[in-house]
Amino acid sequence: MTAFLEMTNVSKVFSAGIIRRQHTVAVDDVTMTIDEESPSILAVAGESGSGKTTLARLLLGVIPPSSGEVIYRGQSVDDLSRAQRRTYLREIQPIFQDPFESYNPFYKVDHVLTVPAKKFQLSESKQETTRLIEEALDMVGLQPAETLGRFPHQLSGGQRQRVMVARAMLLRPRLIVADEPVSMVDASLRATILESIRRMKQELGISVVYITHDLTTAYQIADNILVMYKGSVVEAGSVEQVIRDPQHPYTQLLVSSIPQPDPSLPWGAEAEIAGDPESMAVAATGCKFVERCPVAFDPCRGQRPPLYHEHPSRAAACFRYNDSPELEGENLDLVFEPQLTSQAASGSEDPAAN
Amino acid sequence: MKNGAVLTVNDLRVYYDTPAGTVKAVDGVSFDLRPGERLGLVGESGSGKSTMALALMRMHKPPARIAGGEVLLDGVGDVMELDDEGLRRIRLDRLALVPQGAMNSLNPVMRIRDQLADGIRTHEPGDDRDALTARIRAQLARVGLDADVGGKFPHELSGGMKQRVAIAIGTSLSPSVIIADEPTSALDVVVQRQVMETLRSVQEEIGASVLIVGHDMGLMAQIADRMGVMYAGKLVELAPVHDLFTNPQHPYTRLLIESVPTLMAKRALASIPGAPPTLINVPPGCPFHPRCPRAFEPCDSEVPLPMSQNGRVVSCHLYPEEAA
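Note that the protein sequences, when read in sequence, are chains A and B.
Using the numbering used here, read the first sequence as starting at 1 and increasing by one per residue.
Using the numbering used here, read the second sequence as starting at 1 and increasing by one per residue.
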């Protein structure tokens, strides 16, 4: 069975500067698979500069990888024919962070819905298009009558973002890549958007890659999570395992830094030892987190830690777990919890089967 | 000053005159800021919280105007009545701002030490060069920055470092009141926490009171002593932070707290039905009544007045006047 979308050892390096050329490794050797048979929500979490947005752009085919391959239905995204590329662009839909910038203020909001409907020839007739659009708006909890025919500035940020979710849904994609979809939306309206993303998975069987810096919303809606630090995956697994019981010191730091909306649950004590990630150079060898790590020991400076499979549904790239086996082929699917609908998919990827 | 408050805000109103009508961004807000306390003020976008923070220092820009009310600063009097010279004297010295997004508030072509020296020199001239250098160094150390940061330009610093510089500048003259407008909204959780801890330690060191304006309920729970909730230009509830979270009284506060996802339990995400009103066209009566699950007969016609009891204030018809 070929997977829907695969990344094999994908890296992306950005270069800048003319005289002293600097190279930034935004995504460093990531391998992952997104299945079609078992729709799930995968959260990609990390701070700014962790490479999570670059990962999203690689999945969307907006930028090519520097090395490795993005494979769509068994074929490298680079080698798709025109017709295949068209399907690829329809089947993977983005939702971006800023619900203000993704609209042309001179067009009514209908524009973002009718144009893709026309371009991808979703329907035979105008009536059919209208029906599809109304259905999609309904799905995200918007009243078509109150939404269509309006200009973007006449809608609230939350409504605008929901129209974007509806647009993505309209195209009947197999995968939605949502890059910080709620970070610019008010707290009281966030839940509706997250809920409509969850419904896409449950009711339409669409997989979602949810890119976020917010572990709390990731925990609430995602099935599995991948935590990135400076371009590398440091921990991955089911959200229950990774967020409730994080193993990598970086994930632990992230989780303990979340301000809980409860004055009787104060912040933990770890923050004092943690440096400022933006101002820290990445060591050429060894673990990227070593300079900030409170528990670093000798091996950490020698080489990059591989992902250790220290729990059936969790892996951490930390030498503290070097008595556990390495994650086979760095294949993150092995730690992701298969979804209930997916016996076929999970069967073939069961660690025991390898 | 009444009950020893450092800053007393009485019935403050800030309106914007726009072609479409008058926007009542801050509509009759009253509260006290007590010595040494951290008062958090939360609200969604468009609730008027940032407008109010800026208006307290008279830093609002037209078309915003002060439409009424007073802001009494201990030992100074009504900030709203000060002339330009009087304002210049108290800003930074008595009443300082730590702005939102320090990346945009620092001068990109000035070294950090010069930006720090600017305020000190203006308000407290007379330090010789060495004394000034020592002061800048001490101020940077206070916010956890190395002395060599002083020689750098803003673009050489990370977001967290820039926000620390903003705190260093804001506290350089040991003001009695610090107004922090979303001081960490653009930062990642780890850095956010470091910056907040820095603000807290400096504030405690110089004994200032701080008004922290923000939208993050979690952050407020961690940092504030008391907390106020704004909705549609009004302060709907104000209470000690623990009471506010364990026993919110205003239905909006309750729903706001319930809408915050936590790591404690997975649950269906709650949201508040409807959307916040545009401030041009605020519903009559209680501005929250169209979204309120507990609205009853007087809510759509009578504006609820703030009732205070046991150190908390709530503006809601569910809590009748007799309780005052």
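It is worth saying that the hints were derived from the structure and are not from the lab.
None of the values given here were measured: they were computed from a predicted structure.
Where hints are given, some of them may not hold.
Stated by the list, open to error - In silico BS3-like links for lysine-lysine, alpha-carbon gap of 30 angstroms or less:
| no. | chain 1 | residue 1 | chain 2 | residue 2 |
| --- | --- | --- | --- | --- |
| 1 | A | Lys118 | A | Lys201 |
| 2 | A | Lys108 | A | Lys119 |
| 3 | B | Lys266 | A | Lys108 |
| 4 | A | Lys201 | A | Lys126 |
| 5 | B | Lys266 | A | Lys201 |
| 6 | A | Lys126 | A | Lys108 |
Claimed, not checked - Just the calculated beta-carbon pair ranges, DEER-fashion:
| no. | chain 1 | residue 1 | chain 2 | residue 2 | range |
| --- | --- | --- | --- | --- | --- |
| 7 | A | Asn322 | B | Thr278 | 55 to 65 angstroms |
| 8 | B | Thr278 | A | Arg85 | 51 to 61 angstroms |
| 9 | B | Ser185 | A | Asn322 | 38 to 48 angstroms |
| 10 | B | Glu302 | A | Leu265 | 46 to 56 angstroms |
| 11 | A | Arg244 | B | Gln309 | 51 to 61 angstroms |
| 12 | B | Glu302 | A | Gln121 | 52 to 62 angstroms |
| 13 | A | Leu265 | B | Pro290 | 51 to 61 angstroms |
| 14 | B | Gly311 | A | Leu265 | 55 to 65 angstroms |
| 15 | A | Gly205 | B | Ser45 | 48 to 58 angstroms |
Here a beta-carbon is modelled for each residue, glycine too, at the ideal position from N, C-alpha and C.
Exercise for the section: Could you tell me which of the numbered hints above are not met by this structure, giving the numbers in increasing order? Expected result: 3, 8, 10, 11, 13, 14 and 15
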